[in-house]
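Each chain, written out:
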Amino acid sequence: MMNVPRLLNNRNTDLPRSLFSDLQLDKLLGAQAIAVLQHPCDYGEIVRRNELFLLLDKSENAARLENTLSALCATERALLLYKDAKLPLDTYYRQAEALESYIASCEALASMCGMGSLFADVAEYFSSEEKQKLLSEMTASARKIRILLQKMNAGFLSFSDKNWLTPDYDAVSEFDSISECAESLGFAVPKKKVQNTKINRSLSDTICRLYADEASQIEAEIAKYADVDFYEPTAYISEIKFFLEINALTQRAAKIGVPRVIAKIAKVPMYASKELYDVSLLAKNCGSIVPNDADFTENEPFAFLLGANGGGKTTYLRALGVNLVLFLAGCPVFAREAEIYPFDIVLSHFPKDERFDNAGRLDEERGRTEKMLDAARGKRAFVFFNETYSGADEKRGFDLLTDTVEKIKESNFFGLYVTHFHEVMTLDHPVLSAEVDLDDANKRTFRIVRSKGSASSYAADILKKYRLDKDSLMARRSRNGN
Amino acid sequence: MAISILHLRDLISNAEALSDRILYHLSLDRSFSHICADVNKREYFLSVLSDLTDDKNEILYRQDIVKDFVSNPTLLEQLESLAARFEELRNTQKTAGKGEYRMNVTGTTSPDALKNILQTRALCLKRALLFIKAYGELLERFDLRSRGLKALRSSFKEIYEKNDFSRLLTFCTKFEKFSSNGFWDFRFSLNDEGRIESYELVDHKYIRVSDPDLKKKGFSLFKKAEEAAYPCRRVSPTNDDLYERLAASALSELSGVLVKISEQIFEKFGGVGQELVFYEVALKYINALSEKKVQICYPMFSEDESVKVKNLYDLYLLMTKANPSDVVPNDFSLGQDGGLLVFGGNGSGKTVYLRSIGTMQVLAQAGLPIPCEIAEIAPFSQLATQFSEAEKEFCEGNDAGRFEQEVRELAEMVDTLKEGSLVFLNETFQSTAYAEGAEGLYHLLKHFSALNIRWILVSHLHRLEEMLDSREATVLHTSNGYKIN
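From first to last, the protein sequence lines stand for chains A and B.
For what it's worth, the numbering used here labels the leading residue of the first sequence as 1, then goes sequentially.
For what it's worth, the numbering used here labels the leading residue of the second sequence as 1001, then goes sequentially.
No lab work stands behind these hints, which were simulated from the structure alone.
Even for Gly, the Cβ is constructed at its ideal location relative to N, Cα and C.
Check the hints yourself; a few may be wrong.
Straight line, CA to CA, 16 Å or less: simulated EDC-like cross-link-like pairs of lysine to aspartate or glutamate [what the hints assert, rightly or not]:
1) K464(A) / E1404(B)
2) K465(A) / E1376(B)
3) K1310(B) / E1376(B)
Chain A residues, not near chain B, derived (Cβ > 10 Å throughout) [claimed, not checked]:
4) L79
5) L157
6) K267
7) E337
8) E406
9) R467
Pairwise CB distance ranges, derived in the manner of DEER restraints [unchecked claim]:
10) R467(A) / K1483(B): 37 to 45 Å
11) R467(A) / E1419(B): 15 to 23 Å
12) S70(A) / E1158(B): 47 to 55 Å
Generate coordinates for the entire structure from the input sequences, incorporating the hints supplied.
Below, the structure written as structure tokens:
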């Protein structure tokens, strides 16, 4: 039998969890999706995932994937209920349900051909002759079990004399008899309440004793599949959820006019994009997001970002970071155009919330910076610094910044450093700044740009007041078409 | 759908309800306080008058019912007596419902308590069903002409003449004695997940078991009994209250059906009892006029939407004057468009004339006869009044404040008036300079006419007579002896 194919095949590199909280992606996506994003993909995997995301643009494909997920979740639920079943009759029902949902899940996965190369392997596996033979046998068993359960699913409980259970032979309940009379007299009757009450051991045992032969037949059918791994299809649940969650994010962004694009995979290290959006703002239910461009090349891989408080510096950083992480996980990016290189690693350095005195904070930041640069060493990395060393006095802070940037330059890392140290203008790196968008009438939008160093009677009055004077009355009539 | 002897089924009336102010201006409240002493009944009657209808069929529908009751006065009495007892039963059911709700809220419902509730519900439904029969049989005894009462009789008969009516009564009788028969049998079914989806009470006749204990004891009849019986097993002992909870639920659901049927009977026929009050007051009104030897007339509808009434009496004066011959009747005529201007000195009967016309219109559109010799009317979709109320409302105000108040009232009226309305104006705009008042009023009356709103104005503003031409308004003057011509 062939190996079970997977939908998510990642490289081993782990992006640190802190990157996701810095970029606020953890407020936008669930823990399972974040876990997937923590593993950047290689070129081939990005292409395969991109292919699937493009297919999900069509609503019918997204619906197919949703339906498959529903089938798999139903299997997971059925197996959980089966595990928890304690009563004999309950166990039979749970087994029947597990069998049926397993068949449905396998069939749903087998039908996923045409959903890109990722699903092609999965569909092939579940369509194999061996698997289909098993499913066919299971279908026959499930049908037989249901017929047997059908026989056991109704009866009379008589507590009039001794307590008896007998089979139901088409009796009409008092409720139905009265309802029939009432309806023939023209009266409506309330809809019969459908209960959903768990049986107890007494009823379960009594039913199984009354239908002992049927019970033993059910047990024999179930025993045939003792070696089957019923959990096999459920392993795809988290993988499919990832694709659907990212797809839902693109749809949510589209509602406020944020476009998404499958980024071109650059052959040489670069990060270029037109109208790049920070979708982490969706977590704050922002009604609109201001896009900005990005242009990081081998010639200018690193830039500083200066600007006023509240000018969108961190938003720009997050726009770069979020979309880079999404790109590396094979997801669409939120931009008009993008061409990005599959970097090996993405790292971030944001101020921590804990209280430090000046020396303590500086040491912590320096230590963290060193660890970060060590982790990136030898890799094609993109690093983000947000106000690192801003807590130190200006000279000390700027010295440390210079030292860090030197190391970044030596290692050929790509990166963005958000700072308020204006002395960075003197360093040999591009400086971006957040400036008021002059095209915006209310002047509250910032754009990231390359810095350039930078008399009638009383009665008539009353009548007029209440629109009862001659002119007002005529106006009323003409308004009403009279 | 509720049965009504006031309204035609599926009728969509375009008429606007009358405000209390109109009834007040026309003194209808005061007139009927002399006719019906019972405040509740009078208020209900006035509420029907307020609920104006402009549907000719509905007006004739009521007229015919009034005539039926006039011809068969004991019918109304007996129907009202039944209706009163029917209403008592309805209240009993409501009280029982509160008790049941309390039990549900406090979690004190048990199968035994629910047995009692089921018995009460069965008894209540049985009595409600018997009322249907009683109503129907009562109506059968009278020679009815009106479409409304005939329809009422048919709607009762349609129910009690069916076989299922007797079957339903039998079920009610069975559940009335539910506690004493001792049967306690249920049918259950499981859903696809093996959970109980239904648990219902069944008749004991469906239970056929053969007790294996009897077989062991060698009862000779056992074999025969076994042939007719189903396989069965004794229910295993239980340490929870599942069967009690399910039984309680089944009984509660069954009670629910009985309540639902009863409620529909009350809803369908309960309104009739209230509506009979309208006819009771109507008969008192007719009798009061009859006692005063005043001729009454059931108005007909004119073909050209004009209004012509001969010898119309003012109801309020009839009810308050000791001698009805002191009340002077007047003729009234209103063309199919335009208005009517009535001029006259103080105390010459202008306002009485206006009131008698308004009263006539309201009563006629309610399907009632009116105190006059002959009447041809047109139904209006809206009636509006604007009466100068210096003595009542503005005794501490100055002229300017009164005028603005009048203008405000009229502005509200103009905002809501629709085509096909009739407006009664009494001494309007006389609280300002005559010339200005006349000028303002002239434009307003022209506005009404332009919108096909007919109007009657009682006024001192003689200048209006010059301003309006004869096609726009008919002008009447009061003369000696309260005659208007």
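Outcome of the hint check:
no., hint, result
1, K464(A) / E1404(B), "holds (11 Å)"
2, K465(A) / E1376(B), "violated (40 Å)"
3, K1310(B) / E1376(B), "holds (9 Å)"
4, L79, "holds (14 Å)"
5, L157, "violated (5 Å)"
6, K267, "holds (56 Å)"
7, E337, "holds (52 Å)"
8, E406, "holds (67 Å)"
9, R467, "violated (7 Å)"
10, R467(A) / K1483(B): 37 to 45 Å, "holds (40 Å)"
11, R467(A) / E1419(B): 15 to 23 Å, "holds (19 Å)"
12, S70(A) / E1158(B): 47 to 55 Å, "holds (50 Å)"
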